[in-house]
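Generate coordinates for the entire structure from the input sequences, incorporating the hints supplied.
If you read the sequences in order, they're chains A and B.
Residue numbers for the first sequence follow full-length UniProt numbering, beginning at 1 and rising by one.
Residue numbers for the second sequence follow full-length UniProt numbering, beginning at 1 and rising by one.
Don't read these hints as lab results, they were simulated from the structure.
Each residue gets a CB set at the ideal place from its N, CA and C atoms; glycine is no exception.
Don't take each hint at face value.
FRET-style restraints, in silico, Cβ to Cβ [as the list claims (entries may be wrong)]:
1. Ser94(A) to Gly123(B): 26 to 34 Å
2. Ala371(A) to Ile247(B): 34 to 42 Å
3. Arg6(B) to Leu313(A): 19 to 27 Å
4. Leu289(A) to Leu64(B): 51 to 59 Å
5. Ile285(A) to Ala54(B): 53 to 61 Å
6. Ile285(A) to Gly152(B): 19 to 27 Å
The chain contents come next:
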Amino acid sequence: MSASTGTGRFAAVALIAPLLVFIAVFFIWPLFTVMSQSVSDTAVLNLLPRTAQAAKGWDPESPPTVEMKTALAEDLQAVEDRQALGDMTRRLNSAQPGFRTLMSRTTRALRKDDLPDLGEVDERWNQPVYWQAIVGALSPTTDRYLLAAVDLERDVSGNIVAMPEEASANRTIMLRTFWVAALVTLCCLAIGFPYAMLIASTEGWKRQALLGAVLLPLWTSLLVRTAAWFIILQDNGLINWMLTGLNITSGPIPLIFNRTGVVIAMTHVLLPFMVLPIYSVLLSIPDNLMKAASSLGAHPMRAFLRVLLPLSLRGIASGSLLVFMTAIGYYITPALIGGAGDQMISSVIAFYATGSANWGMAGALGVVLLAITILLYAVYGRLSSAEERRG
Amino acid sequence: MFQGLRLVFAIAAVTFLLAPLLAILPLAFTSSVFLTYPIPEFSMRWFDVLFTAASWKRAILNSLIIGAGTTVLATVLGTMAALGLRNWRLPFKGTVRTLFLLPMVVPAVVLGVGMQVLFVRLGIASSYAGVIVAHTVVSIPFVVVSVIGALGGIDRRVELAASSLGASPLTVFRKVTLPLAMPGILSGAVLAFATSLDEVVLTLFVAGPNQRTLARQMFATIRENISPAIAAAAFLFIVGTILLAAIGLIVRRQVAARRGLQKSES
Numbered sequence: 001m002s003a004s005t006g007t008g009r010f011a012a013v014a015l016i017a018p019l020l021v022f023i024a025v026f027f028i029w030p031l032f033t034v035m036s037q038s039v040s041d042t043a044v045l046n047l048l049p050r051t052a053q054a055a056k057g058w059d060p061e062s063p064p065t066v067e068m069k070t071a072l073a074e075d076l077q078a079v080e081d082r083q084a085l086g087d088m089t090r091r092l093n094s095a096q097p098g099f100r101t102l103m104s105r106t107t108r109a110l111r112k113d114d115l116p117d118l119g120e121v122d123e124r125w126n127q128p129v130y131w132q133a134i135v136g137a138l139s140p141t142t143d144r145y146l147l148a149a150v151d152l153e154r155d156v157s158g159n160i161v162a163m164p165e166e167a168s169a170n171r172t173i174m175l176r177t178f179w180v181a182a183l184v185t186l187c188c189l190a191i192g193f194p195y196a197m198l199i200a201s202t203e204g205w206k207r208q209a210l211l212g213a214v215l216l217p218l219w220t221s222l223l224v225r226t227a228a229w230f231i232i233l234q235d236n237g238l239i240n241w242m243l244t245g246l247n248i249t250s251g252p253i254p255l256i257f258n259r260t261g262v263v264i265a266m267t268h269v270l271l272p273f274m275v276l277p278i279y280s281v282l283l284s285i286p287d288n289l290m291k292a293a294s295s296l297g298a299h300p301m302r303a304f305l306r307v308l309l310p311l312s313l314r315g316i317a318s319g320s321l322l323v324f325m326t327a328i329g330y331y332i333t334p335a336l337i338g339g340a341g342d343q344m345i346s347s348v349i350a351f352y353a354t355g356s357a358n359w360g361m362a363g364a365l366g367v368v369l370l371a372i373t374i375l376l377y378a379v380y381g382r383l384s385s386a387e388e389r390r391g
Numbered sequence: 001m002f003q004g005l006r007l008v009f010a011i012a013a014v015t016f017l018l019a020p021l022l023a024i025l026p027l028a029f030t031s032s033v034f035l036t037y038p039i040p041e042f043s044m045r046w047f048d049v050l051f052t053a054a055s056w057k058r059a060i061l062n063s064l065i066i067g068a069g070t071t072v073l074a075t076v077l078g079t080m081a082a083l084g085l086r087n088w089r090l091p092f093k094g095t096v097r098t099l100f101l102l103p104m105v106v107p108a109v110v111l112g113v114g115m116q117v118l119f120v121r122l123g124i125a126s127s128y129a130g131v132i133v134a135h136t137v138v139s140i141p142f143v144v145v146s147v148i149g150a151l152g153g154i155d156r157r158v159e160l161a162a163s164s165l166g167a168s169p170l171t172v173f174r175k176v177t178l179p180l181a182m183p184g185i186l187s188g189a190v191l192a193f194a195t196s197l198d199e200v201v202l203t204l205f206v207a208g209p210n211q212r213t214l215a216r217q218m219f220a221t222i223r224e225n226i227s228p229a230i231a232a233a234a235f236l237f238i239v240g241t242i243l244l245a246a247i248g249l250i251v252r253r254q255v256a257a258r259r260g261l262q263k264s265e266s
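Structure (structure tokens):
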């Protein structure tokens, strides 16, 4: 047996290895890429290697040296990639406003003249502030994106401070994401808990039918369900058609492209994740407990509060965590049913990535979302493994 | 009173769960260009659009190609790993299993951003291979879970009996383990195909215009110019789901029947 265990283990490793490699390359590596994007800051360093060399040992308070100006002029003349130049200018402009005009004037002058004195091209090249911005951006890593993801920044002397009110948007987005996810979780709980109790209390075909009603949407495409809610909720949709047809309201009530629509559609999509864990916990509770409580004189309400609810708390916690965790990462439903004011963190990440090619910001917000999700999943895992040990 | 309340709640909840699915199906047969009720006249014009308009035709074909590729890749990799996890008695077993389930948990947008950057570097951005790989990553958990479940239900003594009667390990695997695990492998494959069919977020990030899938096309249509073609596509999706579920059920029945037969013979 011992000899065969050795070959057995070898065979097992050989069987697992392909998937392990696959997951490492196509799952772990992309996530790692996101993380490195969030701290990578090479837009300036890549283009200005000579300047980086010349600026070593420069006192940031003193005026720039001649070597630095010459090195920068050489670096800028060597740049051929216009897009990289644009990236660098954008990066520098965000650190020190005015770089956009300064750079376009300088590159124009460099195209005409062979190696002009930068101080003569533009007065600003003699001021230390612009050079401080360049030197500050030369480090290959940065924490500015991660700080910006939670609305913080570094001031001139490098201390972490809160962003000015008008520049900060990410905290609002994050609070909104949590708020929508919490609302959806509450709605799922409000419908899901009684529904799970209902399934557990029925038998035969009724139980099958009630379970089927939960499982059928779960098996149906997310896009189909979202499209269906679009049809139901739109201004001339099913609900408003009935409401106006029955003369309950005079005009359509707005249900789509707002918070109400997002919460309704997301509750529908995530409801199975609440019902199923609670249902499985309820099944494990012996049904003579409630009878015992009532035979001992407990009012049904009291029996429910003191017996059934505490026993099903684990299912409620697992279901709520599962729904909340899935909800904070949602993209499709808010993108299609929500309005501009309902976009959650995923939409913002997608906007930074595909809309404005700001990979640093997309990566930083991605890291925050990833960290929160993994944390919630760890709690969920701990909860369900405790469940397994008990059962 | 309580019973009445229960009934009202049951009806309301089931309506909430099923109404959207029931609401979208009839609109697949509308003659109107608007996706609204009442339906003026029944017609097949939107299915016609689906199967003749170049963009929809291409999208359906792409979904089938990518879905098939994903199903094969995910099923092979996932089944092998599940078989390995069954035998492996190492302390990392739990960690490895969690790692294989993690793609289900990680927010798709975060994974998509990472894949977009990485796939450009690897040279598989905007290619079928890239999309298939991306879909396979998120399908793996379903295959692993369902095959592990099926393997867990196999009585080890059956395999031991086979090998004690002189069957080589390969024969035991081919004649005993694989047939017994087949229902789990098949349902894993079905789930992988369904996952690929429905995937939008990763597709948005890694696919080029040539790999537009049906789900991606539906997403764009809802977002930009909603038309009843959506309802027709949804109809196909729902019918496809029911068909797949039915196939799965029949396979399960047949396997169970065969097993029952074997039991009664012995």
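Checked hints:
1. For Ser94(A) and Gly123(B), the Cβ-Cβ distance of about 31 Å falls inside the hinted range of 26 to 34 Å, so the restraint holds.
2. Hint check: Ala371(A) to Ile247(B), Cβ distance near 41 Å, so the stated range 34 to 42 Å holds.
3. In this structure, Arg6(B) and Leu313(A) meet the distance hint of 19 to 27 Å, their C-beta atoms being roughly 23 Å apart.
4. Hint check: Leu289(A) to Leu64(B), Cβ distance near 52 Å, so the stated range 51 to 59 Å holds.
5. At roughly 57 Å, the beta carbons of Ile285(A) and Ala54(B) sit within the given window of 53 to 61 Å.
6. Roughly 25 Å separates the CB atoms of Ile285(A) and Gly152(B), a value that falls within the hinted 19 to 27 Å.
Of the hints listed earlier, there is not a single one the structure fails to meet.
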